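Novice: Each chain, written out:
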Amino acid sequence: MAQRVIFSEVKGWGPGTLALAGFLAALTLIGGLGALIMETEGHWLTGMTNRIVWGTPHVFAVFLIVAASGALNVASVSSVFGRTTYKPLARLSGVLALSLLAGGLAVLVLDLGRADRLIVAMTTYNFKSIFAWNIFLYTGFFAVVIVYLWMMMEKKMNRFSKPAGTFAFVWRLILTTGTGSIFGFLVARQAYDSAVMAPMFVAMSLAFGQAIFLLVLMAADRGAGLGLGDGTVRRLKNLLGIFLAATLYFVAVQHLTNLYIAGRQGVALFILANGGIYTTLFWAGHVVLGCLAPMALVFHPATGSTRTGVAVASALAVLGGIAQIYVIIIGGQAYPLVLVQGMEVSGTVLDGQVAAYAPSAYEVALGIGGVALALLMVTLAVKVLPVLPTTLADEAVDPHCKPKAAPPATEKAAA
Amino acid sequence: MSDKDAMELTRRRLLQGAAAAVLTLAPGVTLLVGVETSARPAGTAVTAKNRWGLLVDLTKTADLGETVVAACRAENGWTGHNRPASDPQWIRTVTLKDPKTGGTKSLPLMCQHCAHPPCVDVCPTGASFKRADGIVLVDRHICIGCRYCMMACPFGVRFFVHEEVTGQKPHMPRGKGTVEGCTLCVHRIDEGKKPACVEAAAAKAPGAMIFGDLNDPNSEIAKAVGRQVVLRLRGELGLDQGVLYKGFA
Numbered sequence: 001m002a003q004r005v006i007f008s009e010v011k012g013w014g015p016g017t018l019a020l021a022g023f024l025a026a027l028t029l030i031g032g033l034g035a036l037i038m039e040t041e042g043h044w045l046t047g048m049t050n051r052i053v054w055g056t057p058h059v060f061a062v063f064l065i066v067a068a069s070g071a072l073n074v075a076s077v078s079s080v081f082g083r084t085t086y087k088p089l090a091r092l093s094g095v096l097a098l099s100l101l102a103g104g105l106a107v108l109v110l111d112l113g114r115a116d117r118l119i120v121a122m123t124t125y126n127f128k129s130i131f132a133w134n135i136f137l138y139t140g141f142f143a144v145v146i147v148y149l150w151m152m153m154e155k156k157m158n159r160f161s162k163p164a165g166t167f168a169f170v171w172r173l174i175l176t177t178g179t180g181s182i183f184g185f186l187v188a189r190q191a192y193d194s195a196v197m198a199p200m201f202v203a204m205s206l207a208f209g210q211a212i213f214l215l216v217l218m219a220a221d222r223g224a225g226l227g228l229g230d231g232t233v234r235r236l237k238n239l240l241g242i243f244l245a246a247t248l249y250f251v252a253v254q255h256l257t258n259l260y261i262a263g264r265q266g267v268a269l270f271i272l273a274n275g276g277i278y279t280t281l282f283w284a285g286h287v288v289l290g291c292l293a294p295m296a297l298v299f300h301p302a303t304g305s306t307r308t309g310v311a312v313a314s315a316l317a318v319l320g321g322i323a324q325i326y327v328i329i330i331g332g333q334a335y336p337l338v339l340v341q342g343m344e345v346s347g348t349v350l351d352g353q354v355a356a357y358a359p360s361a362y363e364v365a366l367g368i369g370g371v372a373l374a375l376l377m378v379t380l381a382v383k384v385l386p387v388l389p390t391t392l393a394d395e396a397v398d399p400h401c402k403p404k405a406a407p408p409a410t411e412k413a414a415a
Numbered sequence: 001m002s003d004k005d006a007m008e009l010t011r012r013r014l015l016q017g018a019a020a021a022v023l024t025l026a027p028g029v030t031l032l033v034g035v036e037t038s039a040r041p042a043g044t045a046v047t048a049k050n051r052w053g054l055l056v057d058l059t060k061t062a063d064l065g066e067t068v069v070a071a072c073r074a075e076n077g078w079t080g081h082n083r084p085a086s087d088p089q090w091i092r093t094v095t096l097k098d099p100k101t102g103g104t105k106s107l108p109l110m111c112q113h114c115a116h117p118p119c120v121d122v123c124p125t126g127a128s129f130k131r132a133d134g135i136v137l138v139d140r141h142i143c144i145g146c147r148y149c150m151m152a153c154p155f156g157v158r159f160f161v162h163e164e165v166t167g168q169k170p171h172m173p174r175g176k177g178t179v180e181g182c183t184l185c186v187h188r189i190d191e192g193k194k195p196a197c198v199e200a201a202a203a204k205a206p207g208a209m210i211f212g213d214l215n216d217p218n219s220e221i222a223k224a225v226g227r228q229v230v231l232r233l234r235g236e237l238g239l240d241q242g243v244l245y246k247g248f249a
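For the protein sequence lines, the chains are W and F, in the order given.
This note's numbering numbers the first residue of the first sequence as 1 and each following residue consecutively.
This note's numbering numbers the first residue of the second sequence as 1 and each following residue consecutively.
Careful: at least some of the hints might be erroneous.
[Stated by the list, open to error] Cut-off 35 angstroms, straight-line C-alpha distance, at most; resulting in silico cross-link-like pairs (DSBU-like, lysine-lysine):
hint	chain 1	residue 1	chain 2	residue 2
1	F	K49	F	K246
2	F	K130	W	K383
3	F	K100	F	K193
4	W	K128	W	K383
5	F	K169	F	K130
6	F	K60	W	K128
7	W	K128	F	K193
8	F	K49	F	K193
9	F	K130	F	K246
10	F	K100	W	K128
11	F	K204	F	K169
12	F	K193	F	K246
13	W	K162	W	K383
14	F	K100	F	K169
15	F	K60	W	K383
16	F	K204	F	K193
17	W	K162	W	K87
18	F	K204	W	K128
[Claimed, not checked] FRET-style restraints, in silico, Cβ to Cβ:
hint	chain 1	residue 1	chain 2	residue 2	range
19	W	A273	F	E236	39 to 49 angstroms
20	W	A273	F	G80	58 to 68 angstroms
21	F	S106	W	T166	51 to 61 angstroms
Simulated from the structure, these hints should not be mistaken for lab results.
Note that this is a predicted model, so its numbers are computed, not measured.
C-beta atoms are modelled at their ideal positions from N, C-alpha and C, and glycine is treated no differently.
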């Protein structure tokens with residue numbers, strides 16, 4: 001029988017917590033410093049050029065923003081689909097979603113050529129731009145999730161948590177559709193320009209968000225001693241496997257479509273066969289290590305039942321996700337533009353050849369700084385707000401939890 | 001602007017108009033000079049009455065070389081830092097090669113001034129905009145440097161200012177962290193002149209680049225376009241560019 005869930009702040013600042021917060025704060029500061037140097041010196045210091053106009057910061061920013069949407073999945077399953085076993089995890093899900101979005105947006109904004117003009121971006125809109133819609137979707141996501149968390153945390157408002165959760169669920173689906181459409185609406189580049197980008201990004205968001213949630217949950221369990229039950233981990237890791245399979249499905253549809261269209265075979269083969277680093281990252285990074293390996297780990301009885309197996313699977317899904325976004329963003333730009341179908345183009349460094357790109361330390365620092373900022377926000381949130389339940393033992397969270405089998409000693413005695 | 005400045009400006013434009021008229025009347029002077037545009041009186045709004053365009057004749061561009069690039073650079077003050085991948089190239093020469101036949105064509109490539117510009121569609125702040133007369137520009141005051149327009153441009157003719165700029169021209173302000181590209185020499189057009197590249201091309205390879213008002217059936221460009229099969233790069237996108245190419249086949 002499930003007990004009433006009691007949430008609490010994580011008490012005390014042990015050396016481990018202090019070290020974690022300090023480490024994340026240091027990484028965040030280094031990221032900020034990288035951005036400051038890029039801002040003052042100019043982007044020529046980075047690996048970005050007039051061909052690769054979006055670089056590593058965008059890889060991290062898009063990854064974090066997409067993952068933010070997916071991190072809310074656990075709360076949605078609790079509120080929208082009424083699965084009570086997920087209720088103890090719902091607050092962490094909301095806080096993680098907010099933090100990941102904040103980290104991603106920080107990276108995105110600090111990589112702008114004129115980050116100081118953020119107020120312009122917030123006040124001057126071109127409503128035909130999917131980018132402008134996303135500004136509303138992102139800021140709206142903060143408001144929607146904060147209200148949702150309030151409904152969950154304030155006892156008097158609990159009855160509104162289902163409609164608030166449903167609204168947040170719909171909002172995040174639209175948000176990820178918007179993020180995917182940033183690429184899907186780009187008619188100029190053959191690597192994008194596809195309606196499949198939107199649902200593919202939704203599937204990616206579920207997978208990335210689920211993987212990060214699992215890692216954060218297991219870390220919180222270790223740090224705060226929540227007694228995380230195997231039943232909860234089993235449900236979450238199974239979902240991760242399904243989301244990874246869904247991601248692979250959309251990726252397959254995207255590339256098969258491009259392979260089928262004669263005029264797009266060049267870009268399809270660039271990613272799949274002859275794109276050098278992008279081909280390697282696609283197959284080894286994204287497909288094998290980022291999807292197939294974690295799916296095998298979570299679904300194989302030997303590894304799927306162990307915390308280590310699930311943690312490795314989640315970490316691989318995160319790294320594979322970053323590889324996938326790298327291939328989408330950088331690889332998609334590296335492939336040369338087609339000026340006239342069937343004609344080879346040559347001229348300056350901007351034309352006809354695969355664009356060179358090597359991430360600079362400034363870009364990597366900024367990207368990792370965004371991840372660190374997100375994790376720092378989660379760490380601080382669980383310290384000051386009642387985000388985590390006092391226990392996550394299966395008996396406490398699952399109304400259908402069967403008592404554990406009698407210990408072997410009893411069996412032996414009976415024999 | 002003071003009253004005196006305004007008067008000076010008006011006087012100068014009047015003289016330019018007169019010069020154009022004289023040139024058209026003088027015997028032996030080609031009609032290409034001074035008759036394609038007329039200065040827009042100060043304070044008058046740009047209207048869709050005009051649709052400025054460029055017709056590039058690919059049968060004559062082989063001789064152009066880097067002439068038009070140098071003219072554009074001198075006119076607009078964009079200079080590089082010997083970093084080709086991040087330096088601006090408001091106009092550049094590219095070669096198209098038919099891999100089946102081996103045939104090549106050299107063409108100047110710059111902002112195509114689309115009627116339906118993807119860069120304008122995607123710009124979140126509206127910094128990328130199209131004037132009523134079809135010239136696509138960037139408002140440097142509200143460009144936040146997101147580079148989405150560069151992602152959206154099918155021709156790779158938008159440039160991000162990667163570092164501090166020097167040697168700016170008063171008529172063409174530039175700024176680190178913003179995006180820029182060919183303005184079709186909008187400052188010259190508003191004064192009744194032709195783009196710098198067109199003037200330079202006229203001297204080097206007459207007829208290689210024709211500038212004018214596509215909406216004016218009597219303009220040289222409209223007449224030339226009316227008789228020709230013209231190519232719009234990435235025509236399948238339906239962008240209806242102002243920059244057209246002929247002599248491709």
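Novice: Against each hint, give a clear statement of whether it holds in the structure.
Specialist: Comparing the hints with the structure gives:
no. : hint                                : result
1   : F:K49 x F:K246                      : 24 angstroms, holds
2   : F:K130 x W:K383                     : 52 angstroms, violated
3   : F:K100 x F:K193                     : 42 angstroms, violated
4   : W:K128 x W:K383                     : 42 angstroms, violated
5   : F:K169 x F:K130                     : 22 angstroms, holds
6   : F:K60 x W:K128                      : 39 angstroms, violated
7   : W:K128 x F:K193                     : 33 angstroms, holds
8   : F:K49 x F:K193                      : 18 angstroms, holds
9   : F:K130 x F:K246                     : 24 angstroms, holds
10  : F:K100 x W:K128                     : 41 angstroms, violated
11  : F:K204 x F:K169                     : 25 angstroms, holds
12  : F:K193 x F:K246                     : 23 angstroms, holds
13  : W:K162 x W:K383                     : 26 angstroms, holds
14  : F:K100 x F:K169                     : 45 angstroms, violated
15  : F:K60 x W:K383                      : 72 angstroms, violated
16  : F:K204 x F:K193                     : 18 angstroms, holds
17  : W:K162 x W:K87                      : 11 angstroms, holds
18  : F:K204 x W:K128                     : 42 angstroms, violated
19  : W:A273 x F:E236: 39 to 49 angstroms : 25 angstroms, violated
20  : W:A273 x F:G80: 58 to 68 angstroms  : 35 angstroms, violated
21  : F:S106 x W:T166: 51 to 61 angstroms : 60 angstroms, holds
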